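Full structure from sequences and hints, please.
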Amino acid sequence: MLTATSTGQLERVYGLMAEFDDPDVLLIAARSAHAAGYRNMDAYSPMPIEGLAEAIGFRRTLVERLVLVAGILGGTGGFMLCWWMSVIAYPHIVAGRPLNSWPAYVPITFESMVLVACLTAVIGMLALNGMPQPYHPVFNVKEFERASRDRFFLCIESTDPKFSLDRTREFLESLGAMEVVKVEP
Amino acid sequence: MTPEDRDATSTATIDPGPDKVIGPGHDYGTVSDKIGGVVYRPLLKTPPQLFIGFGIAFLLVNLLMVAVSWLFIRGVGVWGIVIPVAWGFAIVNFVWWIGIGHAGTLISAILLLLKQDWRTSINRFSEAMTLFAVACAGMFPILHLGRPWLAYWLLPYPNTMWLWPQPRSPLIWDVFAVSTYATVSFIFWFTGLIPDFATMRDKRPATLPGKIFGMLAMGWRGSARHWARYQKAYLLLAGLSTPLVVSVHSVVSFDFAVAILPGWHTTIFPPYFVAGAIYSGFAMVLTLAIPVRRWYHLEDLITMRHIECMAKVMLGTGLIVAYGYAMEAFMAWYSGDQYERYAFFNRTMPQQGTYWWTYWLLILCNILIPQLLWWRRVRLHAWSVFAVSLVVNVGMWLERFVIVVTSLTRDFVPSSWGMYYPTVWDWSTFAGTIGVFLALMFLFIRGIPAISIFEMREVLHDEKHSGDPSHAHGD
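Keeping their order, the protein sequence lines are chains A and B.
This note's numbering numbers the first residue of the first sequence as 45 and each following residue consecutively.
This note's numbering numbers the first residue of the second sequence as 12 and each following residue consecutively.
Hints were generated in silico from the structure; no laboratory data involved.
In this text, all values refer to a predicted model and were calculated from it rather than measured experimentally.
Worth double-checking, as some hints may not be accurate.
To be verified - Derived coverage of chain A by chain B (criterion: at least 3 residues anywhere in the stretch with Cβ under 8 Å from a Cβ of chain B; other residues may be distant):
hint: 1; stretch: 91–98
hint: 2; stretch: 182–196
As the list claims (entries may be wrong) - Some chain B residues judged to face chain A by a derived CB distance under 8 Å, without partners named:
hint: 3; residue: LEU174
hint: 4; residue: PRO176
hint: 5; residue: ILE198
Glycine included, every Cβ here is placed at the ideal spot set by N, Cα and C.
Here you go:
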């Protein structure tokens with residue numbers, strides 16, 4: 045989005061990105077940024093860091109709800125498939141047992157439940173994360189290639205109401221960042 | 012470390028012994044370099060053992076092609092199967108392979124839930140092993156069908172014949188269990204790889220491999236929101252895979268236990284099959300991991316602690332299997348059923364024209380020799396653990412042979428007894444799938460990070476927080 049620079053010109057930036065070399069410093073920085081009122085931001089790290097998502101104000105992953113619904117649907121579907129095949133579609137008496145001999149359907153019900161729930165966990169996670177995503181502005185930052193190696197980043201986005209190129213830069217530098225760079229959109 | 016020399020790590024390869032899961036001197040960057048460097052090594056700098064191993068495996072793959080072509084031309088009669096032994100090597104090998112596959116999910120899922128730190132550097136490797144073992148396993152029932160090109164009839168789908176599979180049969184449970192297991196193992200493995208694909212992409216973004224890794228990483232950027240959803244999904248996958256892994260081999264055991272054949276019709280089968288599966292799976296992980304860590308000098312990432320822990324799991328599950336054998340013998344006697352008693356007698360008593368010696372060989376391989384692992388000195392010697400793991404692999408194959416073939420040769424009526432002799436095509440198909448398995452493993456080790464990089468960083472992070480000064484990171 046368009047942001048005013050210190051000289052008064054309008055410029056397109058995605059946000060400002062601060063680089064850290066320690067996960068604990070990033071965690072403190074993220075908490076401070078949230079406390080300072082910033083909301084549109086994201087933290088980037090080469091491994092999951094406990095408490096980081098909460099620090100930037102992210103709480104609901106939604107994945108577990110999707111998986112619960114999918115598991116119930118998958119299990120029901122598996123059972124209904126067995127029931128329909130042996131009672132409606134192809135009734136076949138085996139050793140005098142009732143057509144709806146439900147204990148025999150348990151393995152297929154269970155496997156269908158697991159299959160649908162697992163596929164939903166992964167596809168749901170990818171979809172909520174917006175992946176696959178071929179382009180993202182953060183990759184314009186040269187140093188960002190170390191975000192998958194040994195560096196930790198905090199990016200405050202220009203869509204944040206409190207965002208200002210100069211004041212946000214000062215704020216990020218005060219958090220102990222090694223470097224603060226502008227992210228091209 | 013500068014970006015230019017990222018594939019050369021400055022860290023010496025030191026096995027930290029049985030107490031640590033990672034060697035000294037590693038930081039977030041060096042683990043990435045060490046594991047990623049294996050993949051980005053120039054082709055000609057691949058360890059020669061890998062070339063030789065792949066060459067042998069590829070020859071066996073070709074043998075499989077010949078064996079399967081001949082089978083397709085002539086039918087299942089090229090195998091040694093006869094009536095009464097209609098389930099010969101095909102089912103023995105199917106159960107053996109699917110059992111081997113179980114260690115991968117066990118290490119990835121159950122040990123994740125139990126928070127075992129030593130799972131981390133072997134989980135990726137054993138997940139890949141699971142995937143390839145299940146692929147080998149899946150071939151056998153299909154080849155055994157007689158008309159393998161009609162294998163899709165096993166699936167429930169609307170067809171003009173208006174025929175449907177029988178959901179009250181364990182064989183259809185097997186179709187669902189094995190196909191679910193294969194799918195879930197694949198997505199579990201692939202999900203674990205996404206952040207590492209991103210690491211590989213960022214190492215060499217401009218090269219062709221870098222671009223391929225980039226596509227596989229799907230734009231992963233390590234966002235905290237993404238990690239939160241990722242970890243939730245991964246934990247749920249682990250939670251769902253844990254009962255799945257138990258169910259799969261239970262269902263495989265139902266193929267036998269639901270039948271009324273003496274020697275098959277026992278309630279001990281599901282737990283005893285699951286324990287046996289984990290036993291053989293851990294044996295196969297050790298068989299593969301011990302040479303690979305030597306060839307690629309990964310002793311600081313796959314340490315003696317990993318090997319010792321796996322040896323202990325092998326010893327423990329081996330004892331459960333021993334209990335299973337003892338219960339089979341006890342129930343044969345205690346049931347008072349003359350057919351059950353005879354099935355056990357037929358397995359164990361030396362007599363002309365039976366397979367009694369396979370039973371005692373299996374006791375030697377699965378129960379007696381693995382007891383060496385009680386000694387810490389044996390567990391801490393990588394090559395003696397390797398030797399035991401090979402013996403267990405053989406023993407678990409013999410176990411399936413005893414269950415499948417010996418039980419079928421002599422059932423209720425002596426007039427329907429008959430012997431089974433495997434042909435050269437039985438052996439070729441079996442050897443061929445070993446080739447497929449090893450060839451895929453060698454390609455995997457060469458082409459994809461064989462150790463989870465981001466989880467190794469987590470191990471380092473945790474070690475730092477637990478206050479171990481020798482692992483404080485720095486760049």
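Taking the numbered hints from earlier one at a time, note which ones the structure violates and give those numbers from smallest to largest. none
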